[in-house]
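Order-wise, the sequence lines are chains P and V.
Per the numbering used here, the very first residue in the first sequence carries number 1; after that it's consecutive.
Per the numbering used here, the very first residue in the second sequence carries number 1; after that it's consecutive.
None of these hints come from the bench; they were simulated from the model.
Incorrect hints may have been included.
[As the list claims (entries may be wrong)] To give a feel for the contact side, a few chain P residues facing chain V, derived at Cβ under 10 Å: (1) Q13; (2) L20; (3) Q68; (4) A104; (5) D105; (6) Q107; (7) V108; (8) G110; (9) H111; (10) P113; (11) N126; (12) A132.
Even glycine gets a Cβ: it sits at the ideal position worked out from N, Cα and C.
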Amino acid sequence: MLSDETLQRLGVQPRPFKALLRTFVTMDLRGQFYAQATNAKPGELISPLFWVVGQLLTVSVLLCAVLQGRVEAWFYATSNLSVTALFMFSAIVVEFQEAAYDPADVQVVGHRPVTARTWSSARILNLGLYVALIGVALTLFPTLMGLGLRDTGPSWLVLYPWASAIVAVGTASGALLLYAVSGIGAPGENLRRVAAWVQIVAILGLFYGGQLMLRNASGGLELFAANPPAWIHQLPTAFLANDVASGGWLFLAAGTLISGAMAYGALLGLRRAWTRVARVAPAQSQVEVKPGAADAMLSGTASGSIFPSRHEGAIFWLTFTMLSRDGELKSRNLPALAMAASAAILGPLIGQYADPMAGHSTDAVLPIATMVLLVTAIPTLLNNLSFSRDHEAVWRLRPRWGAKAARAVQTAVHARIFVPLLLAHGVLLFAMWRDPIGAIAYTVIAFLILDLVMRLVSRTLLGSPILRRPAARGATVGSISTVAAGVSALASVLGGVWFYVAPYPALLGGFALLLFVAAQSVRTGGARP
Amino acid sequence: MPTTAIAVEGLTHRYGDKAVLHDIAFSVQWGEICGYLGPNGAGKSTTLKTVVGLLKPSEGRIRIDGKDPASEDLGAREVIGYVSHEGGLYQLLSVREHLTLVADLHELDEDASKTRTDELVALFEMEKFIDKRIDSLSRGQRQRVALCCALIHNPKVLLLDEPLTGLDVSAARALRKLLREMADDGAAILYCSHILDVVERVCDRAIILADGRIVADAPTSELVAQAEDKTLESVFHALTRTDKIEDLKGAFD
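Construct the entire structure; sequences and hints are all you get.
Below, the structure written as structure tokens:
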């Protein structure tokens, strides 16, 4: 495809370019993330299809199945194109470090006789392949299943993939432009956090549409799809969907030009940014760390009163520190919390955040849904720990691993993530409900549910404990997809029970007691290695 | 060919506001093995990174074989071999794949690079793990791979940051022998290490760095001769333990 002459004309050294591209693709395919997830033997080439692409295919199939036969082609296309945009953005934000910029590049390539243009070209093509793979995963099922809609014809087979490609390229380019503008390397971490929050805002939009469906008691999905709110018509994906559904091409042509221009801009921006980092290692100035709450808590004899041993105190401290200081880990965790955050922000804004204890009402569904969504983040949060830069330090913890050590990990996740979130949420509830008992009861039950699920997840995920695994960064702890599905189902059941017992204090108290007893009876995974 | 292989003039490097190198100046001639010593945090690795072009110096001028290593002119980087203390290896590649990558990056003739690879693999006894993934190797095995990657293109200028880290006795011996042979063939070697007796045996000259400043730059034999117990270690200790580095500056010139 790319001859040596073409590459030379582009100012790229052919042989180093091909060697680098081959290396980058090999490493993408050989990522331990995938190898561990599939229990593959070392050295085997594992397709990322199982993990990232597999997940996207699953999301895509589920959405198509929900919409199939119930909505018109325009709404179907708008929904799928919007989801493509959202997940493409998310994939670039979360996986950018793995897919596009490896800090080892500077150490391996920086002092070799390779031009920055050659290296950045290989990286850009590698990133292009990654974007293409995700794009195909998000396009395949909507294209095939869309053919079965009432109002689609053969032109769908051309127009939908065209629109999907525009959305995929445009979104990926937009995300990459953000990186290019802000610089790559250390400053990129801050941007990742910003981008993760942008993702939360995007989810807010989708959530708003979703809750409108829930609220519409008389019509359901069909009515909502037939009469969507005006803002949906203003989405760029809705304009593209117009052409896909009607067989037009005007918006598609304009979209092609715009996404092409964005891709070109991203290409130039990335090349400039990469040229800077290709040669020069990011400055690693010494960072002074001021002891935080966890350090103070674990100093001296204090740790003895909180944890049975200093060993467990150390595990708590290591986990807490990973969650506090590792910007990359934070940006991986934020998307997992995005749905719950969206519900908690949106609910009060639309007046659907009523006290479940005040009586059964559809307005009281969202506060409980918030908690269900928070619970579903647990497997991801635990699994993400192995992506921390400090994960390699866990070998120190392995020889004396036990059930209490696994509990220390959970305590740290509670202390760093859930307790602060629950407290902030409790203040919000108090401000809204003007009912301190209701806010406290809600917060306590939410914590009990989180704790129970955390312990249960530990039995499956931490049964091969995340911090007891070999110290390979990014090593996942097993089939997280299965665990995540189980947690979603369990959280929904618990949320449903909570909703129905909430107005009855005696039943609510019994429910809380049951949660507490159940949590205490769960033995945390932690068999000695 | 320029008479000086490595020329560093007025090199100052700052991380933020903190200067870690202060007006460093030295040169290494062709055929010379120059030790570059200093306590932890003295600025040795930072010097090497700026010399190979991985860090942009805040001030100063660096030339390798008469060329700027940080420029897009690849001349300087073609002659450099560098072993960093971070390793500088892609962990997910096998040893053979990594060596092939490096050979491709240097655009080496395939037959010649194969011959050279075979020589180095035999020298560092890497036959048993040539097809293993690097992340599955021991520290010492990884260091052998890093050395092979630095040597595969027969560099004229070799910069080594703690090259003996993790190496066993036979590999360390092989490396020392190879360095002497390379220097005899005209290569310039800047050798950064904490193992002073090796520096004493291998290096023609030693530069001692303390707190980002050069406090001694002299032939190793002269430095040792001036020490009380005739060891480089006592010279090193005397020069780097004191708070009054400024007073000692130039004492061994």
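Under 10 Å, Cβ to Cβ, is where N126 of chain P needs to be relative to chain V, so tell me if that hint holds or is violated.
Since the shortest Cβ distance to chain V is 13 Å, the answer is violated.
Given Q68 of chain P as an interface hint, is its Cβ closer than 10 Å to any Cβ of chain V?
At 41 Å from the nearest chain V Cβ, Q68 of chain P fails the 10 Å test, so the hint is violated.
Restraint: Q107 of chain P near chain V, CB-CB cut 10 Å. Satisfied or not?
Result: holds, 4 Å to nearest chain V Cβ.
Supplied contact hint for P113 of chain P, tested at 10 Å Cβ to chain V
Holds, because the Cβ-Cβ distance from P113 of chain P to chain V comes to roughly 4 Å (cut-off 10 Å).
At a threshold of 10 Å, is the proposed contact between H111 of chain P and chain V supported by beta-carbon distances?
4 Å, holds
Does A132 of chain P pass the interface check with chain V, least Cβ-Cβ distance below 10 Å?
At about 21 Å, which exceeds the 10 Å cut-off, the nearest Cβ of chain V leaves the hint on A132 of chain P violated.
Hint check: is the beta carbon of D105 of chain P less than 10 Å from a beta carbon of chain V?
OK, holds: D105 of chain P within 10 Å of chain V, min 9 Å.
Satisfaction of the Q13 of chain P interface hint, Cβ to chain V closer than 10 Å
Holds, about 7 Å.
Closer than 10 Å between Cβ atoms is the bar; does L20 of chain P clear it against chain V? Give me holds or violated.
8 Å, holds
Let's test the interface hint: is any C-beta of chain V closer than 10 Å to that of A104 of chain P?
6 Å, holds
Per-residue hint verdict: V108 of chain P, partner chain V, C-beta under 10 Å:
With a minimum Cβ separation of about 5 Å from chain V (threshold 10 Å), the hint on V108 of chain P holds.
Min Cβ distance, G110 of chain P to chain V: is it shorter than 10 Å?
5 Å, holds
In this structure, the hints that do not hold are numbers 3, 11 and 12, in rising order.
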